[in-house]
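Top to bottom, those sequences are chains A and B.
Taking this note's numbering, the leading residue of the first sequence gets 1, the next gets one more, and so forth.
Taking this note's numbering, the leading residue of the second sequence gets 400, the next gets one more, and so forth.
The set of hints was computed from the structure by calculation and includes no laboratory data.
Note that the structure is predicted; figures quoted are calculated from it, not measured.
Worth double-checking, as some hints may not be accurate.
Claimed, not checked - Which chain A residues stay away from chain B? Per the calculated CB distances, all over 12 Å, these:
id	residue
1	K80
2	L95
3	T101
4	L112
5	L113
6	P122
7	L125
8	D349
9	P354
10	R365
11	M367
Unchecked claim - To give an idea of the interface, some chain A residues facing chain B are shown, with a C-beta separation under 7 Å as derived from the structure:
id	residue
12	H67
13	I223
14	R226
15	Q230
16	P258
17	V291
18	M296
19	N298
20	P300
21	L320
Even for Gly, the Cβ is constructed at its ideal location relative to N, Cα and C.
Read off the chains here:
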Amino acid sequence: MMKTPAYSQESPFKIHGGCGLVGICDESGTRFSGSVAINAMAVQHDRGNGLGGGFAGYGIYPEFPDHFAFHMMYHDIQSKEVAEAVLDEHFQVDLAEPMPTRPVKGITDAPLLWRYFLTPYPAKLEAAEVTAEDFVVHVVMLINSTVDGAFVASSGKNMGAFKGVGYPEEIGHYFQLEEYEGHTWVGHNRFPTNTPGWWGGAHPFTLLDWSIVHNGEISSYGINSRYLEQFGYKCTLGTDTEVAAYLFDLLLRRHKLPLALACKALAPPLWEEIDRMPEAERKLMTSLRAVYGSAMLNGPFAIVLGFNGGMVALNDRIKLRPLIAARKGDVLVVASEESAIRQIMPDPDSLWAPKAGEPVVARIRGMEWPIHGDLHSSPSEISCAVTGVLDSCEPAEVA
Amino acid sequence: MPATFIQPEFKVEIDYDKCHKCGRCVQQCGWGVYDFNGRPIPDDSKCRACHRCVTYCPAHCITIKKNELAFRDNENWSPALRKAVWRQAESGGVMLTSMGNDKPYERIFDHLVLDACQVTNPSIDPLREPMELRTYIGRKPDSVEVEPDGEGGVRLKKGAGMTNNIELATPLMFGGMSYGSVSLNVHKSLAMAASRLGITMNTGEGGLHADLYPYTDNVIVQVASGRFGINPDYLKRGVAIEIKVGQGAKPGIGGHLPGEKINKEVSTTRMIPQGTDAISPAPHHDIYSIEDLRQLIYALKEASGYKPVGVKIAAVHNVAAIASGIVRAGADYVYLDGFKGGTGAAPQIIRDHVGIPIEIAIAVVDQRLREEGIRNQASIIAAGSIRSSADMAKAIALGADAVAIGSAALIALGCHVCQSCHTGCCSWGLTTQKPELTRRLDPEWGAERLTNLVHAWSHELQEILGALGVNSVESLRGSRERLRSVGLDAQTSEILGVKPAGM
Numbered sequence: 001m002m003k004t005p006a007y008s009q010e011s012p013f014k015i016h017g018g019c020g021l022v023g024i025c026d027e028s029g030t031r032f033s034g035s036v037a038i039n040a041m042a043v044q045h046d047r048g049n050g051l052g053g054g055f056a057g058y059g060i061y062p063e064f065p066d067h068f069a070f071h072m073m074y075h076d077i078q079s080k081e082v083a084e085a086v087l088d089e090h091f092q093v094d095l096a097e098p099m100p101t102r103p104v105k106g107i108t109d110a111p112l113l114w115r116y117f118l119t120p121y122p123a124k125l126e127a128a129e130v131t132a133e134d135f136v137v138h139v140v141m142l143i144n145s146t147v148d149g150a151f152v153a154s155s156g157k158n159m160g161a162f163k164g165v166g167y168p169e170e171i172g173h174y175f176q177l178e179e180y181e182g183h184t185w186v187g188h189n190r191f192p193t194n195t196p197g198w199w200g201g202a203h204p205f206t207l208l209d210w211s212i213v214h215n216g217e218i219s220s221y222g223i224n225s226r227y228l229e230q231f232g233y234k235c236t237l238g239t240d241t242e243v244a245a246y247l248f249d250l251l252l253r254r255h256k257l258p259l260a261l262a263c264k265a266l267a268p269p270l271w272e273e274i275d276r277m278p279e280a281e282r283k284l285m286t287s288l289r290a291v292y293g294s295a296m297l298n299g300p301f302a303i304v305l306g307f308n309g310g311m312v313a314l315n316d317r318i319k320l321r322p323l324i325a326a327r328k329g330d331v332l333v334v335a336s337e338e339s340a341i342r343q344i345m346p347d348p349d350s351l352w353a354p355k356a357g358e359p360v361v362a363r364i365r366g367m368e369w370p371i372h373g374d375l376h377s378s379p380s381e382i383s384c385a386v387t388g389v390l391d392s393c394e395p396a397e398v399a
Numbered sequence: 400m401p402a403t404f405i406q407p408e409f410k411v412e413i414d415y416d417k418c419h420k421c422g423r424c425v426q427q428c429g430w431g432v433y434d435f436n437g438r439p440i441p442d443d444s445k446c447r448a449c450h451r452c453v454t455y456c457p458a459h460c461i462t463i464k465k466n467e468l469a470f471r472d473n474e475n476w477s478p479a480l481r482k483a484v485w486r487q488a489e490s491g492g493v494m495l496t497s498m499g500n501d502k503p504y505e506r507i508f509d510h511l512v513l514d515a516c517q518v519t520n521p522s523i524d525p526l527r528e529p530m531e532l533r534t535y536i537g538r539k540p541d542s543v544e545v546e547p548d549g550e551g552g553v554r555l556k557k558g559a560g561m562t563n564n565i566e567l568a569t570p571l572m573f574g575g576m577s578y579g580s581v582s583l584n585v586h587k588s589l590a591m592a593a594s595r596l597g598i599t600m601n602t603g604e605g606g607l608h609a610d611l612y613p614y615t616d617n618v619i620v621q622v623a624s625g626r627f628g629i630n631p632d633y634l635k636r637g638v639a640i641e642i643k644v645g646q647g648a649k650p651g652i653g654g655h656l657p658g659e660k661i662n663k664e665v666s667t668t669r670m671i672p673q674g675t676d677a678i679s680p681a682p683h684h685d686i687y688s689i690e691d692l693r694q695l696i697y698a699l700k701e702a703s704g705y706k707p708v709g710v711k712i713a714a715v716h717n718v719a720a721i722a723s724g725i726v727r728a729g730a731d732y733v734y735l736d737g738f739k740g741g742t743g744a745a746p747q748i749i750r751d752h753v754g755i756p757i758e759i760a761i762a763v764v765d766q767r768l769r770e771e772g773i774r775n776q777a778s779i780i781a782a783g784s785i786r787s788s789a790d791m792a793k794a795i796a797l798g799a800d801a802v803a804i805g806s807a808a809l810i811a812l813g814c815h816v817c818q819s820c821h822t823g824c825c826s827w828g829l830t831t832q833k834p835e836l837t838r839r840l841d842p843e844w845g846a847e848r849l850t851n852l853v854h855a856w857s858h859e860l861q862e863i864l865g866a867l868g869v870n871s872v873e874s875l876r877g878s879r880e881r882l883r884s885v886g887l888d889a890q891t892s893e894i895l896g897v898k899p900a901g902m
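Sequences and hints are given; from them, build the entire structure.
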């Protein structure tokens, strides 16, 4: 048994919940303080209930741009020792330090929080005959599923997730996010209708440098998860966020769909709209809907996908959850409420409600598009890595 | 000795005080119940309780009652079993019957309940919001491949994407009922309705009458073991071809259309001599194994210019493995017919005792195809007693792409489920070839009734989807999370992949 709740114990049944979110990206690549993201989340306080808040920042570790930054949560010293042994075995550890935090009223029962800047041993990579990304997925899987009381909160390059049990502004202050500067920030405020109270269960949900925050309740969860199982993903968390994350992995990385088309598969236009399209587009969209009908995320959602290189915000196909966007110069902001945008961008050049199913995309100039071309891990490895649920893994892959 | 021990099942009671003595009941009854001698005199023993006379009696003076003869109680020897023994002792024959299994087996659909949204996610009002039912039946690729279109966008890669699917405006088809077993006017009603509804009707195994040619964009042509009416023109006319291997009402059993039903029109359509019995062998004599099926599927594709080819099977014990084989053999859809499915004629002992429930068949086939990663390669059509839009919704939630109805369509046209199709005397003019009876169904009227029925079910399905908080039927397909079982044993629930209510 895990000493701390694993995802699987957190949610033996489907988790229902509402949320608030924000995504901010400066497309010029200019970095800005995490306090901006905190401010945007603070005005959306009432969208959560204090049971989960979190942020992910990109470009925050310019001194370690090529290292995999592991943000770790430990239940106790013993789990830290075991996990660190795993890290030592696989990586050259160039820096290991406690996460800088400050006491904040309302934040209690924090786990031990450490971060590590890691480079895979070249010999290990060669021996395993895998890419660095696959190697990282494997280690995340190993720790999350086999090290009692340890959890990898994030594992990407030049990014990190800061999350826990509390309101997001409390979590932000606790992690001293005003000290960090990033070009892209996403934030999340959680309103779970059950009471997990587990730090690892807060959002963003991450793997490598992908992070996902989500406000919604996907009414098609049942078929979405069964569809993913066909490809080897194991949906053990019962959360919509997990399903959305795997669908993006499947469509972008494995089926190599362009981002805009992947968004159309998840939130497709109505048939009557498709019927009116020019022939080539109509054929494409008809195939897309027919082939990916089971992948359609049906029901209310607003989602922000962050990565090194930008972010994508997407609303459900009939816009049942709020999502507002605004731009001023190079800075693009999306949020659940206009108040959050006005708080940090009082005088935007433009402010609009993105149309249902139309993705809002921010791309940092000169940075790569968000596909891990070097990642070849199987769906079950991906599932196992993010959930830490051993049942997700093929036995041979854990050994 | 008495000619028979079997007493009439029904009593025809006429209130002669009200009776107009008009003789309409005499004229309407297809079974010859009535004699007329100044007033109608019924022979109870011929009555099938089809209510044709009741419906048309201008004085509303006819009542049909059960002939409730008391038998000494015996849970083991029900009156029906005693009668069956007497009947067979008299005739020495196989008892024939029609329509679907009428025995009190558990109806699993009635133990499944649907979900609805409350608070955490909104339900959707189908009267105000789009609610999409369009469904594509057929093989689909596992992924969509695109290439740059030269204008900054992307287009489908050449040869990629979905091809040759059957488009249905609502996830429902009319199941196969042959011309011969039903009248031409029934076929016309079905074809006209399918055409108006944007769905399909299915010829059954009796060929395609020339009068249906205007509607062939909405017709699936069937190829069964008797090969009646099949030529290259027939294969090319429909939107798809269906190989009928089996039927839920009589798995493993062929068909027998008696010579009396083979009139000139039926003879022309089936391409057999007038007055000869039309016998469909139990198996296809060119399909003794799965690899033979593959050859037939591809022969039909070649002959038809690559129309989709579906395969209809009865739901039997090993249905999941059989369906998997069918999909791997190249079928574009698998049509599963449950053991409550209807028939124009079948041995009663087969109809009532062979096969498995459609609910189980959908669940195990859908799951098996998913486990094998071939679910996208074929659609699943579920039939075999889809009685309402609720059954349709539950079948889709269990994993069917669409459902097919036969009995429900006939009931819409007037069928009263008297289970006497095999007699060829249908008073409602449906399962008969007697011209004085078949003319009772006006195809225009029939098409309107069928259109109404399917519209009504579609609206109800939209209401169900709206309550579930989804606005497209593909989000219900296979979404067993939205079903719960009530009063099913744990193992059945597990096989269905459905949690009990409360979990």
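Structure-based check of all given hints:
1. K80: The claim holds: K80 of chain A sits with its nearest Cβ about 37 Å from chain B, beyond 12 Å.
2. L95: It holds; L95 of chain A is separated from chain B by about 41 Å at its closest Cβ, greater than 12 Å.
3. T101: holds, 33 Å
4. L112: It holds; L112 of chain A is separated from chain B by about 34 Å at its closest Cβ, greater than 12 Å.
5. L113: holds, 31 Å
6. P122: About 34 Å separates P122 of chain A from the closest Cβ of chain B, which puts it past 12 Å; holds.
7. L125: Holds: least Cβ distance 29 Å, greater than 12 Å.
8. D349: holds, 24 Å
9. P354: holds, 18 Å
10. R365: holds, 18 Å
11. M367: holds, 20 Å
12. H67: Result: violated, 34 Å to nearest chain B Cβ.
13. I223: Since the shortest Cβ distance to chain B is 4 Å, the answer is holds.
14. R226: OK, holds: R226 of chain A within 7 Å of chain B, min 6 Å.
15. Q230: Holds - the Cβ of Q230 of chain A comes within 7 Å of chain B, reaching about 5 Å at its closest.
16. P258: Holds, because the Cβ-Cβ distance from P258 of chain A to chain B comes to roughly 6 Å (cut-off 7 Å).
17. V291: V291 of chain A check passes; min Cβ-Cβ to chain B is 5 Å, inside 7 Å.
18. M296: holds, 6 Å
19. N298: holds, 4 Å
20. P300: With a minimum Cβ separation of about 6 Å from chain B (threshold 7 Å), the hint on P300 of chain A holds.
21. L320: holds, 6 Å
Hint check: a violation occurs at hint 12 only; the rest are consistent with the structure.
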